[in-house]
Amino acid sequence: GAGVSQTPSNKVTEKGKYVELRCDPISGHTALYWYRQSLGQGPEFLIYFQGTGAADDSGLPNDRFFAVRPEGSVSTLKIQRTERGDSAVYLCASSPTRSETQYFGPGTRLLVL
Amino acid sequence: GESVGLHLPTLSVQEGDNSIINCAYSNSASDYFIWYKQESGKGPQFIIDIRSNMDKRQGQRVTVLLNKTVKHLSLQIAATQPGDSAVYFCAERPPHQKVTFGTGTKLQVIP
Numbered sequence: 001g002a003g004v005s006q007t008p009s010n011k012v013t014e015k016g017k018y019v020e021l022r023c024d025p026i027s028g029h030t031a032l033y034w035y036r037q038s039l040g041q042g043p044e045f046l047i048y049f050q051g052t053g054a055a056d057d058s059g060l061p062n063d064r065f066f067a068v069r070p071e072g073s074v075s076t077l078k079i080q081r082t083e084r085g086d087s088a089v090y091l092c093a094s095s096p097t098r099s100e101t102q103y104f105g106p107g108t109r110l111l112v113l
Numbered sequence: 001g002e003s004v005g006l007h008l009p010t011l012s013v014q015e016g017d018n019s020i021i022n023c024a025y026s027n028s029a030s031d032y033f034i035w036y037k038q039e040s041g042k043g044p045q046f047i048i049d050i051r052s053n054m055d056k057r058q059g060q061r062v063t064v065l066l067n068k069t070v071k072h073l074s075l076q077i078a079a080t081q082p083g084d085s086a087v088y089f090c091a092e093r094p095p096h097q098k099v100t101f102g103t104g105t106k107l108q109v110i111p
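Residue numbers (the working numbering), protein chains in the order written: chain H, 1 to 113; chain V, 1 to 111.
Among the hints, a few may not be true.
[To be verified] Some chain V residues well away from chain H (every beta-carbon gap over 10 Å; in silico):
hint, residue
1, Asn18
2, Ser28
3, Gln58
4, Gly59
5, Gln60
6, Thr69
7, Lys71
8, Ser74
9, Gln81
[Unchecked claim] Straight-line distance between alpha carbons at most 25 Å, and here's what the computed DMTMM-like set of lysine to aspartate or glutamate pairs gives:
hint, chain 1, residue 1, chain 2, residue 2
10, V, Lys98, H, Glu100
11, H, Lys78, H, Asp63
12, V, Lys42, H, Asp86
13, V, Lys71, H, Glu100
14, V, Lys98, H, Asp57
15, V, Lys98, H, Glu71
16, H, Lys17, H, Asp63
17, V, Lys98, H, Glu20
18, H, Lys11, H, Glu44
19, V, Lys42, H, Glu100
20, V, Lys98, H, Asp56
21, H, Lys78, H, Glu14
22, V, Lys98, H, Asp63
23, V, Lys98, V, Asp49
24, V, Lys98, H, Asp86
25, V, Lys56, V, Asp84
26, H, Lys78, H, Glu20
27, V, Lys98, H, Glu44
28, V, Lys98, H, Asp24
29, V, Lys42, H, Glu83
30, V, Lys42, H, Glu44
31, V, Lys68, H, Glu44
32, V, Lys68, H, Glu100
33, V, Lys42, H, Asp24
34, H, Lys11, V, Glu39
35, H, Lys78, H, Asp57
36, V, Lys42, H, Glu20
37, V, Lys71, H, Glu44
38, V, Lys56, H, Glu100
39, H, Lys17, H, Asp57
Treat the hints as calculated values from the structure; they're not laboratory data. Remember, predicted model here, so these are calculated numbers, not experimental data. Each residue gets a CB set at the ideal place from its N, CA and C atoms; glycine is no exception.
I would like the entire structure built from these sequences, with the hints used as guidance.
Here it is as structure tokens:
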């Protein structure tokens, strides 16, 4: 079956701009996660959705970062007033429930100039 | 494409040999552990997992060993192949909490 998909695969933006990153989870997976990965590092947790609600947003670095999942399927990660330090790979993962294995998408490579 | 392997510990093995990748985890409350493989430019790919009520689990060509006493996890890959070249991450999860990833080990398979 189809895996987790993320769009765009690459995004280049200028400092101060707003960006949206999209994640399409595996069909039927109720749990969805966003992670950020810097070069040479493991993925760092940002936010977890159970259905439509953000059950844990403790990993969001500041209030410029926000994520939604309005219908319990597709999720969008939104970054306002981007900074050069936001440059990273943003990974999305989904799982049938929180206690089960997470499956990752290919990531969106964000570069803030 | 970009490399996720910069500044990571590197393990070089000859094709056909067995590989052992080690990981020290940090939270003694963690009860679920996962190994992921990440190739350059791709997302992490699930390999194998183990729960804390087990100390060994085997998959196809891979074995995970868990030593809770010293908080150590290892991934053994039998008959390593060039396609196994990647960065390998261990991850841990305490009950009802988020998954935390380790720093990763780069595996280089020498043909």
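Review point. Which of the numbered hints are not met once you compare them with the structure shown?
Key: none
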